[in-house]
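Top to bottom, those sequences are chains A and B. Counting from 1, position 56 in the first sequence corresponds to residue 56 in the numbering used here; the numbering is continuous, with no gaps. Counting from 1, position 71 in the second sequence corresponds to residue 172 in the numbering used here; the numbering is continuous, with no gaps.
These are calculated hints, taken from the structure and not from any lab test.
Here chain B is said to cover these stretches of chain A; the calculated rule only asks that three of the stretch's residues, wherever they fall, bring their Cβ under 8 Å from a Cβ of chain B:
(1) 2 to 13
(2) 22 to 29
(3) 39 to 45
(4) 56 to 63
(5) 75 to 87
Partial list, computed: chain B residues near chain A (C-beta under 7 Å):
(6) E103
(7) A111
(8) L153
(9) I165
(10) W192
(11) L206
(12) A217
(13) R218
(14) V220
(15) A245
(16) L248
(17) L259
Even for Gly, the Cβ is constructed at its ideal location relative to N, Cα and C.
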Amino acid sequence: MSVPASAYLLLSAALFTLGTVGVLVRRTALILFMSIELMLNAVNLAFVTLARMHGNLDGQLAVFFVLVVAAVEVVVGLSILVHIFRSRDTVDVDEVDLLRG
Amino acid sequence: MEVLLFAVSAALSLAGGVGVVAARQPVHSALSLLLVLGSLAVLYLTLAAEFLAVLQVIVYAGAIVVLFLFVIMLLHARTPESRPSRVGGQWSLAVPLGLALWAGLSSAALQLPASARAVGPEFGSTEAVGRVLFREFLLPFEVASLLLVVGIVAAVVLASGPGTLPSAPPARGREEA
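Excised from the complex, chain A in its bound form:
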């Protein structure tokens, strides 16, 4: 492992930050989902890096389960999104405000 683990962790932090900024500034629900995927992948990279550092496979198994949860989340989220688009003709999260007080 000639590249230090902290370099991988810095990259992971940068990707997580990009995902966070995406969730904060974008309003298209599809791009919000993609930003969430970006954050999940950043965390996965940190898991794999630390698993390699400690020589323990548990971190890689955590990534496996994150993959499963991410797949389910995307399927359910996107089908809800298609429903919202069919009824309201928009996927802008500012427009979907039925629960607004």
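We have chain A already, so just place chain B on it with the hints.
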């Protein structure tokens, strides 16, 4: 060699991440996400996680991004954010907050010891991961399969149900369930 591979993959994944956040069209965001996922798969290979690298390509790039592209196609991708947002000043607030978050995470990452433990060539192989998965993580594995079934059923219900979610009368919604 490994340093070069890391540098190229890291640069590509960062470029892809910026593309996801900054692209105007959702299609470009999805393709940037594909770039991030591919370069992360390369990084997994350098971190001795070959099983996860293959899984990343098959599940993420093969299934999830394709699903995104299908939905973009269904929604005609005609969703430009032309109108100004109701909440102003999001960029000017989000960028400093993001930088603060990155600084905090980086300071935590830099405090770690740099030494990595030596691992054998079988570390991260399908056989090794499978052995841990079916011995120590058998119960979470079964729960994950249950979660996948719930996801499939939810997708079928949402995709085949007539009417629309927010405007449907409540009584009809209950009959559906």
